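Participant: Each chain is listed here by its residues.
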Amino acid sequence: MDKLDKHGNKLVKLFTSTMLISTFTFGGGYVIVPLMKKKFVDELRWLQEDETLDYIAIAQSSPGAVAVNASILLGYRIAGVPGALVAILGTILPPMVILSVISYFYLSFQANPVVNAVLGAMRAGVAAVIINVVVRMGWGIVRQRKIVPVVVMLAVFAAVYFFKVSIILIILLCAALGVATALIESAREKKDGPSSDDDMRKI
Amino acid sequence: MVLLKLFLSFIQIGLFSIGGGYAALPLIQNQVVELHGWLTLSEFADVISIAEMTPGPIAVNSATFVGIQIAGIPGAIVATIGCILPSCVIVLLLAYLYQKYKTMTVMQGALAGIRPAVVSMIASAGLTILLLALFGSSAASLQNVDLKNAGIVLAGLAMSFWLDPNPILIIGGAGVVGLFFYVQGTLSGPARAIVDAAAGALVLLSVVLLAIADRRRRRAS
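Protein sequence lines, in the order shown, are assigned to chains V and L. Numbering of the first sequence is given in the working numbering, commencing with residue 1 and proceeding in unit increments. Numbering of the second sequence is given in the working numbering, commencing with residue 1 and proceeding in unit increments.
Simulated from the structure, these hints should not be mistaken for lab results. Hints may contain errors.
[Claimed, not checked] Cross-link-like lysine-lysine pairs, in silico, DSS-like; alpha carbons within 27 Å at most:
hint, chain 1, residue 1, chain 2, residue 2
1, V, LYS10, L, LYS102
2, L, LYS5, V, LYS6
3, V, LYS191, V, LYS146
4, V, LYS190, L, LYS102
5, V, LYS13, L, LYS148
None of the values given here were measured: they were computed from a predicted structure.
Start from the sequences, fold in the hints, and give me the full structure.
Facilitator: This is the structure in structure tokens:
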């Protein structure tokens, strides 16, 4: 009974957290990254930072909205299929309610200068939040003192921002590169002598 | 029958929009404007700008909007469910595979290879939003820079690196500042002077409070 209660509490927490996050993801799916990191990595400690990046990669290469996909992965990780369903509900409820209200008087909403002033300023806030998370995560990768990830980071930025290369193509290429690196490293380790599999996992 | 049509149409949108956000727009336009004529092109343009102004995924936003226009609240619910159903099935399967195989060397390698790329994708999206906040739709140059928004970005950066609060506070706080600038813009004469002075005092006070909070935190750690 106690365990059931604990599980229920987790679901409630998951629901309220995803709902709060969804209410503030202005400007596309990526805004969910700093919000997810703060809530689930830093505050609740349900996830590790690397996992958020993995989730975004999977969410980005699957069909559908990135924020919805990310919340499915998150919910499933935390509480299985019920968790995924609760996270979906939390994610889609705020935009549904807001859009339902707005669609009844959308012309006046769109032309309203107060609304425009507030939303324009919030966009500036979103920019600050994203710069912060990019700097922190980018620093995490630079700090590993490996050349390949840093080169990949710079090349991908140029490819996405300037050349608009398909994101799915980039993810596939980087995955192939990563697999090749891991296989070469493990082959080299076998040659140099036995090493525990756990070492591989840490890389 | 219109509900079933909505459902089927948004299932296709959910299934074929890979990459999120703007990738979904041509698909939505094709289904909603061209195939079914549920919205006119200019109504569709309105949906895009509203979706940009409000939180949430653009596909969910347009599903709700179109659903309501066509069949009220039930329409909104049916369209939204249709739109997220394909992701639910596919991503749940991927989530299962990820949890099961994430400790494998091959999977570890693939994920490690992707991570730096994801950081860059976020950076690219962030730069787009930053330029939009600073220059709006005009060309990026020093004359065009929106000083108020530039100030908000700098203050937001200072806060997030210094105190690392919940990002929601920064986004919400930026909205409050935007509201303040709007109110201030409508005033003139002594009223404006009073508001300006009060705002200046408030900024000073909050810097002092932030400094105190920071010192406390440092002492605690």
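Participant: Which constraints among the numbered hints does this structure fail? Numbers only, ascending.
Facilitator: 2 and 5
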